[in-house]
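The residues making up each chain are set out below.
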Amino acid sequence: MSQALWISKTGLSAQDTRLATISNNLANASTVGFKRDSVVFEDLLYQIRRQPGAQSSQNTQLPSGLQIGTGVRVIGTQKEFSAGSVDVTEKPLDISIDGRGFFEILLPDGTAAYTRNGQFQINAEDEIVNSRGLVLQPAITVPAEAQGVTISSDGIVEATIAGQAATQNLGTLQVTNFVNPTGLQAVGSNLFVETAASGSPQAGTPGTQGLGSIEQGALENSNVDVVEELVNMITTQRTYEMNSKVISTADQMLQFVSQNL
Amino acid sequence: MDRGIYIAMASGQNIMSAQSVHANNLANANTTGFQTDFEQATTHSVSYGDGYKSRSYAITEGAGTNFSRGSMIDTGRDLDMAVEGDGWIAVQAPDGTEAFTRAGSLKISPEGQLLTGNNLPVLGNGGPIAIPPADKVTLGADGTITIQPQGQKVDVLSTVDRIKLVKPDYAQLTKGLDGLVRLRDGEESVPDASLRLQSGFLESSNVSPVDELTQIMSLARQFEINVKMMKTMEQNSSTAAQILRTS
Numbered sequence: 001m002s003q004a005l006w007i008s009k010t011g012l013s014a015q016d017t018r019l020a021t022i023s024n025n026l027a028n029a030s031t032v033g034f035k036r037d038s039v040v041f042e043d044l045l046y047q048i049r050r051q052p053g054a055q056s057s058q059n060t061q062l063p064s065g066l067q068i069g070t071g072v073r074v075i076g077t078q079k080e081f082s083a084g085s086v087d088v089t090e091k092p093l094d095i096s097i098d099g100r101g102f103f104e105i106l107l108p109d110g111t112a113a114y115t116r117n118g119q120f121q122i123n124a125e126d127e128i129v130n131s132r133g134l135v136l137q138p139a140i141t142v143p144a145e146a147q148g149v150t151i152s153s154d155g156i157v158e159a160t161i162a163g164q165a166a167t168q169n170l171g172t173l174q175v176t177n178f179v180n181p182t183g184l185q186a187v188g189s190n191l192f193v194e195t196a197a198s199g200s201p202q203a204g205t206p207g208t209q210g211l212g213s214i215e216q217g218a219l220e221n222s223n224v225d226v227v228e229e230l231v232n233m234i235t236t237q238r239t240y241e242m243n244s245k246v247i248s249t250a251d252q253m254l255q256f257v258s259q260n261l
Numbered sequence: 001m002d003r004g005i006y007i008a009m010a011s012g013q014n015i016m017s018a019q020s021v022h023a024n025n026l027a028n029a030n031t032t033g034f035q036t037d038f039e040q041a042t043t044h045s046v047s048y049g050d051g052y053k054s055r056s057y058a059i060t061e062g063a064g065t066n067f068s069r070g071s072m073i074d075t076g077r078d079l080d081m082a083v084e085g086d087g088w089i090a091v092q093a094p095d096g097t098e099a100f101t102r103a104g105s106l107k108i109s110p111e112g113q114l115l116t117g118n119n120l121p122v123l124g125n126g127g128p129i130a131i132p133p134a135d136k137v138t139l140g141a142d143g144t145i146t147i148q149p150q151g152q153k154v155d156v157l158s159t160v161d162r163i164k165l166v167k168p169d170y171a172q173l174t175k176g177l178d179g180l181v182r183l184r185d186g187e188e189s190v191p192d193a194s195l196r197l198q199s200g201f202l203e204s205s206n207v208s209p210v211d212e213l214t215q216i217m218s219l220a221r222q223f224e225i226n227v228k229m230m231k232t233m234e235q236n237s238s239t240a241a242q243i244l245r246t247s
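Protein chains in written order, with our numbering: chain A, 1 to 261; chain B, 1 to 247.
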């Protein structure tokens, strides 16, 4: 059968994967703390049909051979950890990290996950939790009688209590960083988990050792560039169309053979 | 039966191979740094002895690779780079030899090695480049890698290595079976200090979709003509048989 059919099929499935990534990026264009993915393509191996320099007779050689590529594949996706724009919300438990780093979240199974989504709330046990009710690490308890919570840029959480002149220190937020954040595994719900590629988590005081500082009352938008995604969508669609055109051409060729011979 | 039918058959097979070359180009139309492959047909005459020399087979050959530049795509990513002019990025192929690529979407491995998107180590002044833990990695215009070491202040910068950018003679370049470009003699190339790179950009493939689709359509028609030839020869043969029928 025509090899062109299978080559174009790889083209179609690669563009399909890219479109899936683009649509996921666009779907999350206004998800707080979302980091966009980009797809990396690679051409597949080449096959030698005719070896260049092979003997065409005892005294002559083929000047050039024929090697045919076998298509394209998606080699991987890269998370892009550039910063998103900042929205000021003025809510006391909306926190963003200005710079590198992640908040550590305790998963129900006891392991740690990391996020840049700083939409926190207080649960029934007075702990600071994220929107899914998972506890922020290190755990900080806000007393029920607290009137307001203040978080400094270096992560110190303080509460003003009715009838007390002095503020009450509740604890310190930490920011965790990785040597290679691109290696983190996205597990959904805006969470990432550590992998061998990301390196081990290094927690520290916000604003020190290259870690980002804390911004209270602000949220980090997704870093999806909508215009760029739409342009990518156009090129993906056109490449898809052209590959399907090749498939229909190869199909017509085969059809012509079977009808005419 | 006229043996000329084999010429049409061989030609049909070769056109299918040529189609595959163009199909591969189009499949890689969106692959960063991909270089278009050419294909051509040459005549191979098989005429023995006296008589009318009418037996010439067509053979499809790879006619090299188009090394012209793709267009620059702005990505804004720190580790994306495109070489200006006729330059290439030197990488280490899996077999340890030096190869060249224009796919400049770089990344850093867990071990701190600078890799291309398809996991090949990027070569520096003395072999693969290792990057210490850093808060920010910047690629300079001449390939110099500057890092802000982890935990250091913004003004504490250090230079790590320099990406090997090369400018080999096009006539010496050939594309291997792994899609990487190498020197024909397998030697290493000398770095060219005059080359510049653009950080935050990627180079698109240099595939011209219009060209490729036109070629594919023209090949498809050519294929149909060859099939028509087979059909005609079959008709010739059956007509001859009919006329010569004795009963």
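Honestly, the hints are just simulated from the structure, not real lab data. Being a predicted model, the structure only gives us computed values, none of them experimental. Beta carbons are placed, not taken as given, at the ideal position from N, Cα and C, and that holds for glycine. Take the hints with a grain of salt, since some may be wrong.
[Unchecked claim] Here are a few chain B residues that sit away from chain A, every Cβ distance over 12 angstroms (derived from the structure):
1) ILE73
2) LYS107
3) LYS167
[Stated by the list, open to error] Sample of chain B residues facing chain A (criterion: CB under 7 angstroms; computed from the structure):
4) GLN13
5) ALA23
6) ALA29
7) ASN30
8) PHE34
9) SER56
10) SER105
11) GLN113
12) GLY117
13) PRO133
14) ALA171
15) LEU173
16) LEU177
17) SER208
18) ALA220
19) GLU224
Hints, one by one, checked against the model:
Not every beta carbon of chain A lies more than 12 angstroms from that of B/ILE73, the smallest distance being close to 9 angstroms; the non-interface claim is violated. A cut-off of 12 angstroms between C-beta atoms contradicts the statement that B/LYS107 is not in contact with chain A; the least separation is 6 angstroms. In this structure B/LYS167 is separated from chain A by more than 12 angstroms, as the shortest Cβ-Cβ distance comes to about 23 angstroms. Because the smallest distance between the Cβ of B/GLN13 and any Cβ of chain A comes to about 10 angstroms, over 7 angstroms, the interface hint for this residue is violated.
Given the 7 angstroms rule on beta carbons, the hint for B/ALA23 holds: about 4 angstroms separates it from the nearest Cβ of chain A. Residue-level restraint check for B/ALA29 holds (minimum Cβ-Cβ distance to chain A is 5 angstroms; threshold 7 angstroms). Because the smallest distance between the Cβ of B/ASN30 and any Cβ of chain A comes to about 5 angstroms, under 7 angstroms, the interface hint for this residue holds. Residue-level restraint check for B/PHE34 holds (minimum Cβ-Cβ distance to chain A is 6 angstroms; threshold 7 angstroms).
Residue-level restraint check for B/SER56 is violated (minimum Cβ-Cβ distance to chain A is 14 angstroms; threshold 7 angstroms). Hint on B/SER105 holds. Least Cβ distance to chain A is approximately 6 angstroms, under the 7 angstroms limit. The interface hint given for B/GLN113 is violated, since its Cβ lies 11 angstroms from the closest Cβ of chain A, which is over the 7 angstroms cut-off. With 7 angstroms as the threshold, the beta carbon of B/GLY117 comes within range of chain A, its nearest partner Cβ sitting at about 4 angstroms, so the hint holds.
A cut of 7 angstroms between beta carbons decides the hint on B/PRO133: the least distance to chain A is about 5 angstroms, and the hint holds. The beta carbon of B/ALA171 comes no nearer than 14 angstroms to any beta carbon in chain A, farther than 7 angstroms, and the hint placing it at the interface is violated. About 14 angstroms separates the beta-carbon of B/LEU173 from the nearest beta-carbon of chain A, more than 7 angstroms, and the hint is not met. With a cut of 7 angstroms, the hint placing B/LEU177 at the interface with chain A holds, because the nearest CB-to-CB distance is about 4 angstroms.
Annotation: interface hint on B/SER208 violated; nearest CB of chain A at approximately 11 angstroms, more than 7 angstroms. With a least beta-carbon distance of about 5 angstroms to chain A, the hint placing B/ALA220 at the interface is held under the 7 angstroms criterion. Evaluation of the B/GLU224 hint against chain A yields a held restraint, the C-beta minimum of about 5 angstroms falling below 7 angstroms.
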